[in-house]
Amino acid sequence: MLEDDQERFKDEARRRLIIMGGASGFLFSLLGGRLFHLQVLKGAAYRDMAEENRISMHPIPPHRGRMLDRFGAVLVENLPDYRLAIIPELSGGLSTQLERLKPYLDLSDAEIKAALDRARRQRSFLPFKVKDHLTWEQIARIEARIHKFPGAVIEALPLRTYPFESTAAHILGYLGENTKRDRKRFRYLRYRSGDLVGKTGIERSFEPRLRGREGVREMEVNARGRQVRELHSSEPLPGLDLHLTLDVDLQHQAELALGNQAGAVTAIDVRSGEILAMASRPGYDPNQFIRGFSTKQWQALLADRDRPLTNKAIQGQYPPASTFKIIVALAALEAGVIDPEERLFCGGHLERYESKFYCWNSYGHGRLNFQQAMAKSCDVYYYRVAERLGIDAIEKQARRLGLGELTGVPLGGEKKGLIPSRAWKMSTLKRAWFPGETLISAIGQGFVLSTPLQLANMMATVANGGVLYRPTLVREENPSQPRIKRRIDFNETHLATVKRSLEAVMQRGGTGYKARPHMVRVAGKTGTSQVVRQRRTKEGRAIQDSGGNQRLQDHALFVCYAPAIQPELAVSVVIEHGGGGGAVAAPVAQRVIDHYFSCPIRPERSGGRA
Amino acid sequence: MTMRERSGGGILSGTEEAQGPRLRLHAFPWALLLMIMAVGGIGLLTLYSAVGGAEKLPLLINQAVRFSVALLLMMVLALLVDRTIYLRYAYLFYLVALLLLLAVYLSGSVGMGARRWLDLGFMRLQPSELMKITLVLALARFYHDRSIAGSITWRDMIGPVLLTAPPLALVLKQPDLGTAILIAMAGMLVLFVAGLRWRVLTGMLVGIGAAVPLLWNTLHDYQRRRIETLLNPENDPLGSGYHIIQSKIAVGSGGISGKGFMGGSQGHLEFLPERHTDFIFSVLAEEWGFVGCSILLLLYAMITVRGMIISYTARDRFGVLAAAGLTAIFFFQVVINIGMVLGLLPVVGIPLPLVSYGGSSMLTLMIGLGVLAHISIHSK
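These protein sequence lines are chains A and B, in that order. Be aware that the first sequence starts at 18, since it is given in the numbering used here, and climbs by one per residue. Be aware that the second sequence starts at 73, since it is given in the numbering used here, and climbs by one per residue.
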């Protein structure tokens, strides 16, 4: 029985083995046939190709996508850059020719040496670079005499150009030669050595879209590698243009308004989360990254204490100071711990936990209601409110409004800021929460940190009635990520109360009154954040001595939205070591808002001209 | 054949064991060994040329030593091993290979990027290579004692599918598409010889055909682009397409009689990438021409036929199936590698058996051939 089965199995298996044998025979003859085709029938042709002519591949770089602002102004483009190159084997004496070129191209000895170095490293039928970034004058001088320099050619190569120079430099980013890290990050884009890649800003975060795909020219070259003819070429696929949400005019105004001060200005459309301007000063000219720095320039950029390479709007973390009172106010109304009409007393300081908590106005504000406290930015009022509220409620409200988390703006290196909590303190500092720290937190000092973009976004959320957007920089028809992070269900009455108090800040008697914009009514909040603990006199008066040291001055902050009714724009301003928020930061916002609302030809902001 | 032996149809039947093992040198397939040595010799000569002559002698010596050790291993596996050992321990070998594969997967995920090998100190072992052999043995073992002549149904396939899926997934995860395809093909072939119904076979092929577009839709854009490049190198003439074009020129320029030993120009310039590993056939083709290639192809064909004859005459089902599967692995590797070099198949990383530089592949191939010879020795 078993034997039978075994035999039956073997019979069938053998039949199948024969089929397999036939199939493998077929495949072997297929290989043989292909070999016959390649080697015998076409052997001569391939032999020619191999021995006399070889195929060489030349990559054609793709055209990198441009960047345009919301009205179509070109922010980043590719312009031809002219350079002089020489084909060594045609030149008849390379060093003498370079010597002769010297006066026409203003070549230095070092440049000649570098050029000879480059020539030595490549084959003599390929042109090598002598000098790039030729000026028109140099081109004219050499073009007229090009016949005197055999082998010399003027080539045009696309050069990434930032026509507005340092304007919006931190947002746009810059390019640099790819490194191992870049190749790993954008694995599927396949860079070859020397290819440029976005290093920061939008140039980096939208690299895959901007880059496009490389084309190739298949050339027949002879044994020495000289090109004989073009066989086949595939066109490069250009990168896509990006339409940014920026308004380059407004951006420029914001940067002008900051002037020489170190700091950041952010302006967001509260209806869409689109960033219209995001300035960070001091800055740099991204064109320099493309053309190359001198070591000295680079050292100077790195050594500058005002950190020009940092985008302060997303990477600068500052105590929000009194602007944080908006959070505390909302939390307090929501928790029902204060009545807007209830008056609390400020005598210049509050004694708690065996120490004195000072108001910025050490003479005291007297008895204040909710609106007055906001307008005058009374610290003692908020100490008292915080006491009733507790840190947990403050933390919760801050997190709801996007503080302490990444906004998700499409730029690398964004910082989270810090919203302290009991759990946070326990895990990082190994200490229990100290009640006095609740009071300090309530006025945005102590551990609390936020970025200017977070503050602008918080203001936008208050202005639009509770929609927290993921701020965007690129206008897209089909945004891949939802632009709304969450909708906050504010109590209408509470929100209206807070908004009214913010309007009062900008009215007579408010801390922002002097810097109120002229074109439109605004709701805002000033803030002045301590950089170092202040020294005080015996009577508790703050000694305003920065001792001439600007580094010890306070940071000036201002957040606002405008118009107060039906808001469109939310703005945050932070000026490092600027001094008082109302005096220093608010005027910057004033200028930005006035500019925004004074330009007549922008009736359809959301549509744009482009 | 004695009556006793004929009637002992069980798995572990046999008489040799009772008399103790003895060297059956007369039964050893010496012709097979000769052919293998011929291919290996051609391989060493080609490698010598491919790596640029005497300069890289250590590389060559390395390979020669490996080849000798592998030959020795083959003899040991064929001659000095109990008749039923492969049958008895097929599942165990499979399990060991699977664990090694898992170990690579885990250590690979701890480190960075793709890792395919385990460092044994003296060599790097690729468990995926080992898996090819052990899977074939396990599948042969599975069908050894099932009554299935010519009529494997869907139900009889559950076991083999369960055996094949885990290693296949692990190898794909590495990712090593070439080896995964080989494993799948070898598995299919064992099933075919074991008696997969034609209907089921057709059904499976149709099923695979239907699954491809479905799978395609779930891929990301850039993943699709990679696969497109794999299938159509012209899309990527600077990457893998470049290999194909240059390799075709090298092969074609060899002509009928070749340019002579060390005479190839393409292989010596930088035109040919991977010229001592996956693309070594093009070096051979350029220097030895159509004549040389035909000789090598013939040797490969003869080894394949010899393997099939071993399967044909094997003593038991396990022998039939294992021999067929092992032969198929060898044969598929030859066809895929040469097909790739000649521009007939997409570029996947499969070395040319016994010729390409590399230890793991050489060692596992010889293990497979050793088992094959073992089956031959114990055939009727």
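Derived by calculation from the structure, the hints in this document are not laboratory data. Be aware that a few hints might be false.
[As the list claims (entries may be wrong)] Below, simulated DSSO-like cross-link-like pairs (lysine-lysine); rule was C-alpha separation at most 27 Å, straight line:
1) A/Lys216 / A/Lys201
2) A/Lys516 / A/Lys531
3) B/Lys245 / A/Lys59
4) B/Lys331 / A/Lys59
5) B/Lys320 / A/Lys201
6) A/Lys531 / A/Lys502
7) A/Lys432 / A/Lys442
8) A/Lys146 / A/Lys216
9) A/Lys197 / A/Lys432
10) A/Lys197 / B/Lys331
11) A/Lys531 / A/Lys433
12) A/Lys313 / A/Lys130
[Unchecked claim] Estimated spans, in silico, between C-beta atoms of each pair:
13) A/Arg204 / B/Ala99: 40 to 48 Å
14) B/Leu417 / A/Pro167: 29 to 37 Å
15) B/Trp226 / A/Glu24: 41 to 49 Å
16) B/Arg218 / A/Gly50: 37 to 45 Å
17) A/Arg158 / B/Trp288: 55 to 63 Å
In this text, all values refer to a predicted model and were calculated from it rather than measured experimentally. Glycine is no exception: its CB is placed at the ideal position from the N, C-alpha and C atoms.
Here is what the structure says about each hint:
no., hint, verdict
1, A/Lys216 / A/Lys201, "holds (13 Å)"
2, A/Lys516 / A/Lys531, "holds (19 Å)"
3, B/Lys245 / A/Lys59, "violated (41 Å)"
4, B/Lys331 / A/Lys59, "holds (15 Å)"
5, B/Lys320 / A/Lys201, "violated (31 Å)"
6, A/Lys531 / A/Lys502, "violated (35 Å)"
7, A/Lys432 / A/Lys442, "holds (19 Å)"
8, A/Lys146 / A/Lys216, "holds (25 Å)"
9, A/Lys197 / A/Lys432, "holds (25 Å)"
10, A/Lys197 / B/Lys331, "violated (41 Å)"
11, A/Lys531 / A/Lys433, "violated (32 Å)"
12, A/Lys313 / A/Lys130, "holds (21 Å)"
13, A/Arg204 / B/Ala99: 40 to 48 Å, "violated (54 Å)"
14, B/Leu417 / A/Pro167: 29 to 37 Å, "violated (49 Å)"
15, B/Trp226 / A/Glu24: 41 to 49 Å, "violated (25 Å)"
16, B/Arg218 / A/Gly50: 37 to 45 Å, "holds (40 Å)"
17, A/Arg158 / B/Trp288: 55 to 63 Å, "holds (59 Å)"
Hints 3, 5, 6, 10, 11, 13, 14, 15 from the earlier list are contradicted by this structure; the remaining hints agree with it.
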